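Visitor: For reference, the chains in residue letters:
Number of protein chains: 2
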Amino acid sequence: MLPRPAPSRFRSSEAFDLQSFLATRTRAVNRALDGFVPKASAKPRTIHTAMRYSLFAGGKRMRPALCLAASGACGGRESAAMPLACAVECIHTYSLIHDDLPAMDDDDFRRGKPTNHKVFGEGIAVLAGDALLTEAFEIALQCRGWPRYSHQTIVRELARAAGSLQLIAGQVADLEGEGKRISAQHLRYIHERKTSALLCCAVRLGGMSANCTGAQLKALTDFGYYVGLAFQVVDDILDVTQTTEQLGKTAGKDRKAKKATYPAILGLEKSRRIAEGLTQRAFQALKTFRGKALALEALAEFLLKRDR
Amino acid sequence: MLPRPAPSRFRSSEAFDLQSFLATRTRAVNRALDGFVPKASAKPRTIHTAMRYSLFAGGKRMRPALCLAASGACGGRESAAMPLACAVECIHTYSLIHDDLPAMDDDDFRRGKPTNHKVFGEGIAVLAGDALLTEAFEIALQCRGWPRYSHQTIVRELARAAGSLQLIAGQVADLEGEGKRISAQHLRYIHERKTSALLCCAVRLGGMSANCTGAQLKALTDFGYYVGLAFQVVDDILDVTQTTEQLGKTAGKDRKAKKATYPAILGLEKSRRIAEGLTQRAFQALKTFRGKALALEALAEFLLKRDR
Chain Z
1 MLPRPAPSRF RSSEAFDLQS FLATRTRAVN RALDGFVPKA SAKPRTIHTA MRYSLFAGGK
61 RMRPALCLAA SGACGGRESA AMPLACAVEC IHTYSLIHDD LPAMDDDDFR RGKPTNHKVF
121 GEGIAVLAGD ALLTEAFEIA LQCRGWPRYS HQTIVRELAR AAGSLQLIAG QVADLEGEGK
181 RISAQHLRYI HERKTSALLC CAVRLGGMSA NCTGAQLKAL TDFGYYVGLA FQVVDDILDV
241 TQTTEQLGKT AGKDRKAKKA TYPAILGLEK SRRIAEGLTQ RAFQALKTFR GKALALEALA
301 EFLLKRDR
Chain U
309 MLPRPAPSRF RSSEAFDLQS FLATRTRAVN RALDGFVPKA SAKPRTIHTA MRYSLFAGGK
369 RMRPALCLAA SGACGGRESA AMPLACAVEC IHTYSLIHDD LPAMDDDDFR RGKPTNHKVF
429 GEGIAVLAGD ALLTEAFEIA LQCRGWPRYS HQTIVRELAR AAGSLQLIAG QVADLEGEGK
489 RISAQHLRYI HERKTSALLC CAVRLGGMSA NCTGAQLKAL TDFGYYVGLA FQVVDDILDV
549 TQTTEQLGKT AGKDRKAKKA TYPAILGLEK SRRIAEGLTQ RAFQALKTFR GKALALEALA
609 EFLLKRDR
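These protein sequences, in sequence, are chains Z and U.
Counting along the first sequence from 1, when you hit position 106 you're at 106 in my numbering, and nothing is skipped either side.
Counting along the second sequence from 1, when you hit position 260 you're at 568 in my numbering, and nothing is skipped either side.
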């Protein structure tokens, strides 16, 4: 039971070759990450092997792709956005490693492979997450600054999105919500922080790296916000509708952990309509780019229609 | 059995009122930290309460004091060094929270209080550490930049000291060294990273915040390096000679965990001579300041003679 095909108003896939965009950008991001992060042979080998194990476990590089696409929509050079795209991916990966720990979501599989702590033990997994979080800031600092967007502005953006009022707040609220009755409003609060904050940050950083205008940054902020929310709703739908093999991570986990999700609160059909509505709003935000944000449109559509 | 009184060549205490320096700086640092970190009432309360629990658990604020003293030695204003002093303290506190986790050193007491995970649970303790690490970068970015020391340079310094080649490398090597025979050389490698890296960083950042000269930065680097090493040797000595009550954390842990320490490898007497020799070298590094680094001298002496 896949998410329902998106309505025909999403036409970006006809105008844009997303598959080739994703293939080239994933390769470029992987190459850049490989250059930024210490080699596995760097002492102590354990920690660098563990960091690289999760960083190169076959992630879809959606956040870096969004960052690069946002930079492109604003006429920027992707090389200027690359350190920020990689920094966001490091933060995403660290959050998955810590989230999978027994004390948190307690997950054994991620991207079809044993989770970090299953391979390296809990102590090293905690440290590998810490190291990727720290590395993210070192990488982000290699970005180019502009008069409008200084290094201070850009890196603070990253710290805030990853911090205790955003990404970590979402993780905490998610942990604390398990087994409790939660309103759709509180669920939105969790999704805004757990998923939308970092995704929106990726898009905004792409714009900043291109020295975007204020109007462009506003448009990217709205786009990232809605795509981030849609992303999490689709994630919750897939947890119910797909198998562990299809997802590469344990399916049906949310119900088992008695987590509040849109499907649990509102049912599958309504959840699908919500995901579509959010993606529609993300599309609307891109109007100001007058057809120059095709990659962002195609990514939003892809994230809605994905099956894993 | 206290560490032997330091030889008479350490005379800084006669020329400098360290007690009053520490009292005023601790108050100022606590006030600044209180302003930088979200209030305990900020949503989600759990995470901010947990962050503040460890951040305000009565730490001695040695790293901030060293940072402020280094700034003073270079003629800087302490207010310019304050964000960096606080950022280093956040990183120090995060590393203690994660280090105390059952998967790492598994400690129940720190600074005379139950450790973070004993009060808030392991999941929140991991996230509180993550949040303090992230917060450190947001705070550090509030520093003042100079043509010689840009925000990029300053914050990269912090990221490197806390990263997988320094602080985290030390934690990993420490974890992996338990129960193994370790050479004095490898032990030095561990201490350089586990302790000296962040302490040296605190001192260097103080200098940078004061727009110090290259010669001053070199002197501060040497000073921080040797004081950091001496600090860890004294820590290892105190673990053997003091009680849990005196230390505020579990005493005798190193021997129980079969950790390599200077006392274990070389005996107490030789370890004391090593700590004195390292402090002596730290003093020598300060010569270039021609008597303007009294606070740093007094701190080095204090760290050598401390009994907890």
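Hints were generated in silico from the structure; no laboratory data involved.
For clarity, every value in this text was computed on a predicted model and none was experimentally measured.
Mixed in with the good hints, there may be bad ones.
What the hints assert, rightly or not - Distance condition first, Cα-Cα at most 30 Å in a straight line; then the derived DSS-like pairs of lysine-lysine:
id, chain 1, residue 1, chain 2, residue 2
1, U, 347, U, 488
2, U, 578, Z, 258
3, U, 426, Z, 270
4, Z, 39, U, 488
5, Z, 180, U, 347
6, U, 488, Z, 43
7, Z, 118, U, 561
8, Z, 218, U, 351
9, Z, 118, U, 488
10, Z, 180, U, 351
Visitor: Which of the numbered hints are not met once you compare them with the structure shown?
Guide: 1, 2, 3
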